[in-house]
Structures are given as structure tokens and as C-alpha cells.
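Participant: So you can see what is in the structure, the chains are spelled out below.
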Amino acid sequence: MRRWLPSPLLSASLLLMWLMLNQSLEPAHWLLGGALGVLAPLLSQPLQPHGHARIRRPLALFRLLWMAAIEIVRSCFNVTQIILLRRSADVNSQFIRVPLDLKSPHGLALLSCLINSTPGTVWVEILPDGHELLLHVFDLHDEAWWVHTIKTRYEQPIIEVFETPEPGGGRT
Amino acid sequence: MSGAESLPWWAAIPVALLLVLGGIVTLVGTLGLARLQSFYQRIHGPAISIALGAGCILLASMLYFTVMQSRLVIHELLISVFVLMTAPVVSMLIMRAAVYRDLRAAREMDPGNDAGNS
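Top to bottom, those sequences are chains R and H.
For reference, each letter of the first sequence is one residue, going 75 to 246 in our numbering.
For reference, each letter of the second sequence is one residue, going 5 to 122 in our numbering.
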């Protein structure tokens, strides 16, 4: 089972993608989509140095995505307002640093997607010394608020979803 | 499929509203690209076109074709998933390229200054 279906979730989403692309539920498409779902993860496995992502708590993931969607729409309106109403020189664009506890590569990928999809914030890079995230904020009013928001609203749920709690609490 | 005139009014109104909203948001995004001064500000402009503009237009498309063809048409969801997976990568790459370009320019201007503080 593990050998032929290394990630059942990935296979299922590939099958779903195939059915949606073809917009039909005919048996032929189930068959083709199933073949795609089995073959593609097997063939792409050598390309994944970290292995497939394991989602520990799907419910927390859905809650996180829902909250991120609301946040995206909200900051869309904020950025729209700034573009329309403020002069470019008045906008306080800054780089900020956010110390991260998140280590899982899949979690970091998800975090970067969410942060970059939210208008007004762009992920620059993770500074190698001290595992800090360098972030560019379009209109900065309070750096501590940003750090707090990203840590509690995004990072904490992502840690819950992707990382196994270590028995000794050895996370640094 | 005859065209938009056969669309019932209860679907036409939300479709039209979503299309207009999506168009306005996309326009504002490009306006930001034109109006903002520094590169680091301009990168935030198109982000709203990607997120909200594309989202509204895709929602309108889903609603329109679902009503017109009397069946669930949701493959537009795939477009939004792909956009939300690829656009962040692009903006991150552009951002890092800009940061490294500026760091290199700063180093060439002032060789004594150590890079790393951006």
C-alpha cells in the first residue's frame, strides 16, 4: 500500500483534478484519472527530497485556509484604498523580521503561499542566522502587531497541521 | 447556447456585479503599478488583481455557466488553485531578485559596508 500509493491524498487530488478538467464522471475518465493519480506521485517521488507532506489535522488546515481567505479579501480592500487615496511617498513600506519556529518544509511552503497571496505582504527570504523571516510590508503601522499576527494566526495553525509534537518539547 | 440575454435576472445581477467588481479591482491593481514609486511598493499592486480580481471574475464565470448549462460548472476552481499556487512563487522570485540587485548595488557603491542589512 505505502509502496504503490505513497501519498493517498495527492493521488486523490490528482484524480479529482482530472475529473474536473474533463468535466465528466464517465468510467473512462475515472480510469485515466486513477492511472494519473497512481503514476504521477511514483514518478515524481525522486524529485521530492523531503517526502510527501503528511497532514495531521485536516480540520485545522481548513480553518486556516478559511481565515486566510477572509484575510486576503480584507487586505485587498486595504491595498485598494491605499493605492487610490494616498500619495506614494506617504506609504510606509518597510522590511520587517519575523522570528519563526516553523521548521517543516511543507509548512514553510504553505506559509509563503499564504503570505504572498495576501496583498500587502511579500515574503523575501529566510535569513539563515537565527531562522528569521524577512518580510516586506506595503503599509507598516505597527511592527509588533504584524509579528504577532503572523505568529499566532498563521504559524501556530501550520505547526499544528504539519509537525508532529516532539515528546520532550525539544523544538527550538 | 444562445447568449447572455437568456440568463434569468436573479443570476444576471450577481454575475454583472462580480464582473464589474473584478474589473475595477484589476484596474486598481494596474493603477498601483503605474502610480507607486519604488519597486518594493509596486510589487504589491498586482497582488490584488491576482487575488480578488481573478477571484471575482472566476466566480462570475462559475455562476454564469452553471445557470446557462443547468449543471454544476466548477472547473474554474482549478484555475484559482493554480493561480494561488504559482503567483506567490513568482512574486517571491521577483522580490528576491530585486533585493539581491540592490544589495549588490550598495556593495559596489560602498565596498566597506557589509551586505546583509537590507
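To be clear, the hints were calculated from the coordinates, so they are not data collected in a lab.
Yeah, the Cβ is synthetic: ideal placement off N, Cα and C, and Gly gets one too.
One thing to keep in mind: the hints can contain errors.
[What the hints assert, rightly or not] To be clear about the criterion: a stretch of chain R counts as covered by chain H if any three or more of its residues have a C-beta under 8 Å from a C-beta of chain H, and this derived list gives those stretches:
no.	stretch
1	86–100
2	113–126
3	197–207
[Claimed, not checked] Only some residues are given here: those of chain H computed to face chain R with a beta carbon under 8 Å:
no.	residue
4	Ala20
5	Leu23
6	Ile52
7	Leu81
8	Met89
9	Met96
10	Leu97
Participant: Each of the hints needs a verdict: does it hold here or not?
Facilitator: Here is how each hint holds up against the structure:
Given a C-beta distance limit of less than 8 Å, the hint that chain H covers the stretch 86–100 of chain R holds, as 4 residues qualify and 3 suffice. Remark: the stretch 113–126 of chain R is not confirmed as covered by chain H, as 0 of its residues place a Cβ nearer than 8 Å to a Cβ of that chain, below the required three. With a threshold of 8 Å between beta carbons, the proposed coverage of the stretch 197–207 of chain R by chain H holds, since 3 of its residues qualify and at least three are required. Because the closest C-beta pair between H/Ala20 and chain R is about 20 Å apart, greater than 8 Å, the hint is violated.
Interface restraint check for H/Leu23: the shortest CB-CB distance to chain R comes to about 17 Å, outside 8 Å, so the restraint is violated. Against a cut-off of 8 Å between C-beta atoms, the interface hint on H/Ile52 holds, since the closest Cβ of chain R lies about 4 Å away. Residue-level restraint check for H/Leu81 holds (minimum Cβ-Cβ distance to chain R is 7 Å; threshold 8 Å). Hint status for H/Met89 relative to chain R: holds, with the closest Cβ pair at about 7 Å, below 8 Å.
Evaluation of the H/Met96 hint against chain R yields a held restraint, the C-beta minimum of about 5 Å falling below 8 Å. A hinted interface residue such as H/Leu97 counts as satisfied when its beta carbon comes closer than 8 Å to some beta carbon of chain R; here the least separation is about 10 Å, so the hint is violated.
Taken one by one, the earlier hints fail for this structure at numbers 2, 4, 5 and 10, listed in ascending order.
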